[in-house]
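**Student:** What follows is each chain in one-letter form.
Protein chains: 4
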Amino acid sequence: MSSTWGNNIKLSLFGESHGGAIGINIDGLPSGISLNLEEIKIEMKRRAPGQDKTATSRKEKDEFEILSGYFNDKTTGTPLSIMIRNTNTQSKDYDKTKDFARPGHADFTGRKRYLGNNDYRGGGHFSGRLTAPIVFAGAIAKQILSSEGVIVGSHIKSIGEIEDNSFDPTKVSPRLLEFLKVKKLPTIDDNKSVEMEKTILRAKEEGDSVGGVIELAVINPMAGLGSPFFDSVESHLSHMIFSIPGVKGIEFGKGFDITKMRGSKANDEMYMEGEEVKTYTNNNGGILGGISSGMPIIFRVALKPTASIAKSQRTIDMFKNKDAKIEIVGRHDPCIVVRAVPVLEAATAIVILDLLMEMKKYDGFKRA
Amino acid sequence: MSSTWGNNIKLSLFGESHGGAIGINIDGLPSGISLNLEEIKIEMKRRAPGQDKTATSRKEKDEFEILSGYFNDKTTGTPLSIMIRNTNTQSKDYDKTKDFARPGHADFTGRKRYLGNNDYRGGGHFSGRLTAPIVFAGAIAKQILSSEGVIVGSHIKSIGEIEDNSFDPTKVSPRLLEFLKVKKLPTIDDNKSVEMEKTILRAKEEGDSVGGVIELAVINPMAGLGSPFFDSVESHLSHMIFSIPGVKGIEFGKGFDITKMRGSKANDEMYMEGEEVKTYTNNNGGILGGISSGMPIIFRVALKPTASIAKSQRTIDMFKNKDAKIEIVGRHDPCIVVRAVPVLEAATAIVILDLLMEMKKYDGFKRA
Amino acid sequence: MSSTWGNNIKLSLFGESHGGAIGINIDGLPSGISLNLEEIKIEMKRRAPGQDKTATSRKEKDEFEILSGYFNDKTTGTPLSIMIRNTNTQSKDYDKTKDFARPGHADFTGRKRYLGNNDYRGGGHFSGRLTAPIVFAGAIAKQILSSEGVIVGSHIKSIGEIEDNSFDPTKVSPRLLEFLKVKKLPTIDDNKSVEMEKTILRAKEEGDSVGGVIELAVINPMAGLGSPFFDSVESHLSHMIFSIPGVKGIEFGKGFDITKMRGSKANDEMYMEGEEVKTYTNNNGGILGGISSGMPIIFRVALKPTASIAKSQRTIDMFKNKDAKIEIVGRHDPCIVVRAVPVLEAATAIVILDLLMEMKKYDGFKRA
Amino acid sequence: MSSTWGNNIKLSLFGESHGGAIGINIDGLPSGISLNLEEIKIEMKRRAPGQDKTATSRKEKDEFEILSGYFNDKTTGTPLSIMIRNTNTQSKDYDKTKDFARPGHADFTGRKRYLGNNDYRGGGHFSGRLTAPIVFAGAIAKQILSSEGVIVGSHIKSIGEIEDNSFDPTKVSPRLLEFLKVKKLPTIDDNKSVEMEKTILRAKEEGDSVGGVIELAVINPMAGLGSPFFDSVESHLSHMIFSIPGVKGIEFGKGFDITKMRGSKANDEMYMEGEEVKTYTNNNGGILGGISSGMPIIFRVALKPTASIAKSQRTIDMFKNKDAKIEIVGRHDPCIVVRAVPVLEAATAIVILDLLMEMKKYDGFKRA
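Chains as they are written, first to last, in UniProt numbering: chain E, 1 to 368; chain G, 1 to 368; chain F, 1 to 368; chain W, 1 to 368.
Bound conformation, chain E alone:
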């Protein structure tokens, strides 16, 4: 299994970067949900390429066609399937270099995994392009969560050495997330956005690329999501997040920094705020024992610099099994972080919805 995911919502993803189409089959949605299709298109557009000089010049409108599961403007409850045609492919770019493994890419490992039969053009099924259907599924999940009062948002915490402020982990405002959503390069501190853009363009000019960190927040989550032992919120989220190409690290709450704190500082002391249970700090990122506490779920995701760069690199010829050099032609993002923002939000929303449905299973049984 590779492209099938989920316990309650089941995703089945298909497609290659330069094949006929990409798409997703979403199985297990609640029926009777009206979708805001315009809102979905906005999410798709946040991810779409070719919008800006910080991004690849490959232009794809990413227009989705709903093939099933939506009837009379509502989800039917049976599989909701979409297809997105690949239109702006330049497969010839890949013919020249297909014998050479692009460093940092899945060319060599994909070849090993599939015994040389995978579609190598544009990375095939490994391509970041496959995140477009994920954004579609996530846009639906966001809408359902939103009507349950749960909101998912994020900002770019860093690009290269440029660091934005952090979310206040004990209270992330819905309004802040709204502001961030419409920004092209979403930072809390707009000055940092300007600097980040410069950093990206400088790398681009030099035929190079940069990485960064995205910080995500799930606000107003219900307490009690997740299950010990193997289905902690962190387990579920990280499984999905590490599916996204380019992710190399994830940390919840204080993350790696919590290892330098004493327990007396790291523990989030608790108090009652009216009827609600709160913590003075949120070093655990809203998750204790793998279960959501009701505080904001906060985590950060590390994305590596784009592997496709113009500079000459040492590699191997996979057919002749000998050393070689490669200069990658083609249209690439000098920094995938910006376009990864809506993808990681989508991935997060899908996981939280899956966990919410898991929680509902246990509801309403008569207990003597």
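In silico contact screen, one side only, chain G against chain W (beta carbon under 10 Å); selected entries:
1) 7
2) 8
3) 30
4) 78
5) 79
6) 147
7) 148
8) 357
9) 358
10) 360
11) 361
12) 362
13) 363
14) 364
15) 365
16) 367
These are computed hints drawn from the structure, not numbers from a lab. Even glycine gets a Cβ: it sits at the ideal position worked out from N, Cα and C.
Given chain E, work out where chains G, F and W should sit, using these hints.
**Tutor:** Chains G, F and W in isolation, oriented as in the chain E frame:
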């Protein structure tokens, strides 16, 4: 689902810290595997409590009884099940404070998840004690992997502010892993081990606790493990690793630091070493596009300081819904990092075995 | 995977007929359910061997020990695990004949599946003894279903050529199911019970065995259980039912006989009875399009004659790969149908509970 | 979950009878398999409607478009996805009667399951039309199995009261299966085919429908497929087979008739034929203890008469909750058995391939 895991090897975990027994049912092992039971006991002992002043004084021999699946000194291929009796429980410690949510623990979230019905004594099913059966399963996985030439090992990268050296990611020697395995507090630089011990004991004296980072290595892995899109090696490993209590972060290869590198530095350039494909660097931690490359798989795991501390903390009374103070009595590790070492190795070995079995599914089909 | 089952309730079964213990880990139960342990013991006793001359003389009390998941007389919501020690084993019976494949048994196929490493004594993990933990799990499921108003029951439809009456598929009375439950050989027509007993004893005297059919009913099921396409009620039930050793056929409603009816007869015409939707007939066994209609779910299960018989049979020596003869010594049921009654009821209850939890996932979402 | 299936090969099905398209995503195929597309089209055509007066007059070419997973004339190993456009829909037929539950159909139960939001036109996702993508997936499975030497075939055992001969369960010839495959109404005895056609046409003329039984054979299966306890060959096959609309029963080997045999007759005595293990009879249908023995796997499937009939029927108005009458307009098969033949073969092939991949997981481990 909560305590069931796996695609190919299926784990089903049971037990509470102060209940009758804990154990695991391992379904899907290859048949006909002779196990070195002494070696398994050594792994269990690495994790067992009460061995040292840096650890809890709860003494548990963690003697396992094999209930099924092992016959004539070989795995039968049907479920291999073990049980470990809980013997040295002091449940009364928990009666006094059961109304109060221990900060940093799952008391409050577990109560939400299970509507107040979970066994609160010693953390119940959330307890770190549940990692004992994981170590058992991992010890089996290690033995099977070892006969396939794959070795899993680790060292403590840091405790609090004290940092050990790192693995050389391009070549981790099996001999080094052997050395580390027999150390009580496994560091590459023994001086750091001494300092770490001091750090732990100092925290203990002050009624406090410390956290740390463990660095793991899988050496000599077969290239081609893992699958896009949702079953990357990172996805699988992180899902399992975040099941272990106290884990707050994971990063592969350079991890968060890769976000500060340019692509031209971050990409691991490739070359042929005889028949073998190698990379000059290993910033990607042996995983490209979610698939193992054959280079060592390297990752680091952040563990928070033990949540149970003697110091007085602000919390809530979960029954009266009002603010309260708690001083935790009981026997606790001032630092869980040391005992987490064999647990994380075990978890890693189980995942790699599961991925190896996944790979084998596709073998041997006739291809025209 | 072999001994792991379930989408919502997860079962993990372990043990061999002559090993240390058998048992089951039940993951995903709702928390806070008080169990009637006496009622569970009654169900276990219905299945237990050695109670009667129509059954094997192997005496096993089948006393279960709850290892986890039950605290303060309620389910905790974390895995509920039990163990049953094997006590009355006579493994030597199997030593003499272990080289010979018993016809009708899994000796040869099990050997193929596990490359000769499975525990052959008493059938090992293939043994009907493994149904004891299923009965335990089913007894819990029955209690939970019962508090939701759903009742599972059955009768023996036939033993050899002796046929009992059938359930009236449009209305099965709860009272009838109660009567059946306490009968040693549960038939609707008690005369048939007498004849069936004779048939069994006659086969026994002749060193032979007989089979039969069990008819099951789920009464008062909620409409809407099951999902197209692959998770029809029939799919779920049949998957579980065919796990029970000796089952060779299953049919729902009119089953095979419906193939001889015209559509105009086979279709169950509908009407309103007050607020409730009913059908005049119930040829479809309460399931339409794979989904429960609210009418009783009715199905029949074919059980083959016990494979273990005293008569001499032609077989092979699996070690020498040559023809051989076998006379099976040991204690066996001349007819497994009687003891299969509580097993099939248990299996049915587990499936219905799993489907009910599936249904609950979709509840309560806000629909605009 | 509803439309997602499989342990090793994962199917994800989508579409409604009158929606934009139907299709399937097949995840987990071995890479590098060349497909005979012409052969797939032949299988699709065997199922396609509108070919004959015994079938519905709805004409659908069922032309599939491969969207992904096939590159350079070979499977890539990543998801193979197809789409089939719905072209010849006459949705207006359903508008008139959409308030009325068609007896024998999923109209009422689907409404309950999806709270009234499912696409009712032509049965929506419940439609037999969804079996077209199953046939596609099965045609691939057949080709892969065929290169492993395993062949799946079938014949119509009965239509109404007309009975064909049975397969000789101890030896089904590949040649016989080839003959059957090209017959329009595949029977062993061609006279029966003529009579069956008459029976179907008579029912059609009378505005009625008939059902029947299909007997399937898997010849030359490897011994050792399947796993106790819950993944018996029968469990896997029945789960999939009962997903096919209209199936009401399944029996393996002698099936229900075995319940009337003594054990001494029912047991299949064994002998060596050269190196091979054979049984004199095959009453168990090639499966013992849930595991394939290497003898032909034989089973029969009961299909009910088409629920859509022209005759007036009593039903309910689902909106007004009152009694009503319905006369079903539209184009329907008077007998689904004929078109179900390739569907059941396809379903069988998929399951056997999934089991074969399961078997391969355990191969090649070093055993000391």
